[in-house]
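Q: Listed here are the chains, written in short residue letters.
Number of protein chains: 2
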Amino acid sequence: MNELLIKAEQLQQAAKTLALLSTEEKNEALTRIAEALIKQKEWILQENEKDVALGKEQGLSPALIDRLQLTNERIEQIVDGVRQVADLPDPIGEIVEEWTRPNGLRIQTIRVPLGVIGMVYEARPNVTVDAASLCLKTGNAVLLRGSSSALHSNKALVHVMKEALRDSAIPADAIQLLEDTSREAAQQMFRLNGYLDVLIPRGGAGLIRSVIENATVPVLETGVGNCHIFIDESAQKQMAIDIVLNAKLQRPSVCNAVETVLIHQNWPYISELVETLHARGVELRGDSQLASSYSFIQQAAETDWSTEYLAPILAVKLVQNVKEAVDHINRYGTKHSEAIISEQNDNVRFFFQAIDAAVLYHNASTRFTDGEQFGYGAEIGISTQKLHARGPMGLRAITTTKSLVYGTGQIRS
Amino acid sequence: MNELLIKAEQLQQAAKTLALLSTEEKNEALTRIAEALIKQKEWILQENEKDVALGKEQGLSPALIDRLQLTNERIEQIVDGVRQVADLPDPIGEIVEEWTRPNGLRIQTIRVPLGVIGMVYEARPNVTVDAASLCLKTGNAVLLRGSSSALHSNKALVHVMKEALRDSAIPADAIQLLEDTSREAAQQMFRLNGYLDVLIPRGGAGLIRSVIENATVPVLETGVGNCHIFIDESAQKQMAIDIVLNAKLQRPSVCNAVETVLIHQNWPYISELVETLHARGVELRGDSQLASSYSFIQQAAETDWSTEYLAPILAVKLVQNVKEAVDHINRYGTKHSEAIISEQNDNVRFFFQAIDAAVLYHNASTRFTDGEQFGYGAEIGISTQKLHARGPMGLRAITTTKSLVYGTGQIRS
Chain A
0 MNELLIKAEQ
10 LQQAAKTLAL
20 LSTEEKNEAL
30 TRIAEALIKQ
40 KEWILQENEK
50 DVALGKEQGL
60 SPALIDRLQL
70 TNERIEQIVD
80 GVRQVADLPD
90 PIGEIVEEWT
100 RPNGLRIQTI
110 RVPLGVIGMV
120 YEARPNVTVD
130 AASLCLKTGN
140 AVLLRGSSSA
150 LHSNKALVHV
160 MKEALRDSAI
170 PADAIQLLED
180 TSREAAQQMF
190 RLNGYLDVLI
200 PRGGAGLIRS
210 VIENATVPVL
220 ETGVGNCHIF
230 IDESAQKQMA
240 IDIVLNAKLQ
250 RPSVCNAVET
260 VLIHQNWPYI
270 SELVETLHAR
280 GVELRGDSQL
290 ASSYSFIQQA
300 AETDWSTEYL
310 APILAVKLVQ
320 NVKEAVDHIN
330 RYGTKHSEAI
340 ISEQNDNVRF
350 FFQAIDAAVL
360 YHNASTRFTD
370 GEQFGYGAEI
380 GISTQKLHAR
390 GPMGLRAITT
400 TKSLVYGTGQ
410 IRS
Chain B
0 MNELLIKAEQ
10 LQQAAKTLAL
20 LSTEEKNEAL
30 TRIAEALIKQ
40 KEWILQENEK
50 DVALGKEQGL
60 SPALIDRLQL
70 TNERIEQIVD
80 GVRQVADLPD
90 PIGEIVEEWT
100 RPNGLRIQTI
110 RVPLGVIGMV
120 YEARPNVTVD
130 AASLCLKTGN
140 AVLLRGSSSA
150 LHSNKALVHV
160 MKEALRDSAI
170 PADAIQLLED
180 TSREAAQQMF
190 RLNGYLDVLI
200 PRGGAGLIRS
210 VIENATVPVL
220 ETGVGNCHIF
230 IDESAQKQMA
240 IDIVLNAKLQ
250 RPSVCNAVET
260 VLIHQNWPYI
270 SELVETLHAR
280 GVELRGDSQL
290 ASSYSFIQQA
300 AETDWSTEYL
310 APILAVKLVQ
320 NVKEAVDHIN
330 RYGTKHSEAI
340 ISEQNDNVRF
350 FFQAIDAAVL
360 YHNASTRFTD
370 GEQFGYGAEI
380 GISTQKLHAR
390 GPMGLRAITT
400 TKSLVYGTGQ
410 IRS
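First to last, the protein sequences are chains A and B.
Its first residue numbered 0, the first sequence is counted upward by one per residue in numbering that gives the first Met the number 0.
Its first residue numbered 0, the second sequence is counted upward by one per residue in numbering that gives the first Met the number 0.
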């Protein structure tokens, strides 16, 4: 048996124990993990330094090095995250539904762990701890498959977490790092039905596509957000400008940032908006009318409408009405987050009905598509698929249900 | 573009219209379908006869011919099914959750159609109509991929349904039959991400495995049930015998029939149970102790514990306690339906906690794992996976949600 299969067996066994633990036992284990991470901070930083040095040697971009790098402060943030997860309410054991059938059978559907979760992610070592704490809190065992560039950091973090579990009710086997970061091992992991209950890829579009293409284990797809804001004829000037600036610039590199703004051609404040964006350093790519009206707006290519820039670049387009905006979004959008800024309720209603997306906003920034902003306390990712979970995924997204049926001898006729 | 892509495009367009229809419009269309099926009954039977004749020519087994065959009565049952679906409450538009965040954002999660559903199934032509009516009721368009042996029947049924839709609010394009029943077309269908939102395979283990192995579109797995009944020391004699007989014999060919009975070694009525089963024609395969005690019990092989017989054959095994029963079930079970017959609450609690399965029963037959028996009115299948839906799937299982966020200018800080 190779490393993967050995660890998969251990995870399966651990998951059985973990599923039976009380909330207190799980929280106590999380607290031990938080304490151990603080205690072993120096060693973790040393191990992380090895990854950073190797990364620089191999010519990783400064942005990638930055994602890889741990610091005192970042470790403290990670530890804070663990403590917050410990404080969250435990969804396991919740009664989801309960009813009685005419034949007297009482059916109770309760929330239970998924079992074993496979996380597949890229450079950021913080995902190692974030994912592990969310999985343990919900009674799931977790197989972590990070990237080779973060291997020293991930090994150190997992080592510290497993050691911390030795004095807790959670078996140390409940967290496993796949140290074989080869493509072959990943492919085998993606097809480990019977051991893994779900795969959650977190990272760039390439990673997510590779998991979906190759997996036979069910996947919780997270990912691409080509998000739009439609500014209706009736939109308030300052509200529209504030929301667009926020959605584009507050953190341009994330999936819920806006990538295209559609503007009703009769909205009176088009100049103010585009000039403000330009002044704030946003590169604008517009339809031919906008490009010919403003020297600082480049003519957009067809590909601009479907590009997730993840940068201070924005596509802008005039539309004749809400219908044209909706058609554009349904054609180019990725069903993530779409906003309308409008004072006309009919248009809002139409926008909300006719657009197929995880989250729709009226008069608010698309940046709120986030587990914490939704009030879930933590986030395992943002689902862009329609099965199981859609939009921000909190703890409940990594649970399933089981139905308990109480009878008095009923048989089927 | 080949047949599949042309139909996929049409389905996507149809799904957009369908998502906006009212419950009344959808029900009216279903009623038209029911009426048209009755009206065209003779022609449907003629077309079905072609499949049956071909099947006989090709030497299909009598069981397969029986599944393929339509009769006056079977068409009436199918039509009854359509009318029942029309009568069910419409889950679309239901408010699933609603809450307000401290910043004043009001979030409402509502139930919406999945979009386009791909059904992959085997000989039974009734699935063509059942699946179509469930999909249309929930505002989904549907791509039907039946088997080549039922092609004449499926073409006739789909033709009649599409014609019936022409005078309704549902676009006729919302139902499409993939007439190319080649392996290549199926493979392409399984990877039609962007067009299909989910694949639902219905049929034998081979079909389901093939879909899971090859699909990149998310799959709702249905399937194999190696179900157990554990008879505890305290189980009431008659209740235990009635439940085992019902779970084994009421319909042996289905996934929720029992395949192994585990008996507490101190239960006083072991002889009565096995003798009754034998008298009722059940072939028994037992552990060495049972096989040596009863001449009519064959010695079970290791494979018997993991076999879904789907026939009047039953594996039987003595266990020392509920713990041994649970370990056996967690080792050999398929996480479908598992029952305990017992008068001891502690054992029931332990059984319910420690077994990982979609449905657990206390003092009732496993045969109740069924959409109609659960009170869902209709069933699209029984999910044996943990994501999205687990256990019997009714109309809600073929819906998703979208979050509507109402703001007053909120931006993220």
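Mixed in with the good hints, there may be bad ones.
The list treats identical chains as one, so a pair stands whether inside a single copy or across any two.
[Stated by the list, open to error] No more than 20 Å apart at the CA atoms, straight line, and that leaves these computed lysine to any residue pairs for SDA-like: (1) LYS49 <-> LEU150; (2) LYS161 <-> GLY376; (3) LYS15 <-> VAL253; (4) LYS55 <-> THR400; (5) LYS15 <-> ARG348; (6) LYS40 <-> ALA278; (7) LYS236 <-> GLU96; (8) LYS38 <-> ARG279; (9) LYS38 <-> PHE351; (10) LYS15 <-> ASN320; (11) LYS15 <-> GLN45; (12) LYS40 <-> THR275; (13) LYS49 <-> ARG73; (14) LYS322 <-> LEU19; (15) LYS15 <-> PHE351; (16) LYS49 <-> ILE207.
No wet-lab data here; the hints were simulated from the structure.
Q: Please name the hints from earlier in the document that this structure breaks, with their numbers sorted from lowest to highest.
A: Violated hints: 2, 3, 4, 6, 7, 8, 9, 11, 12, 16; rest satisfied.
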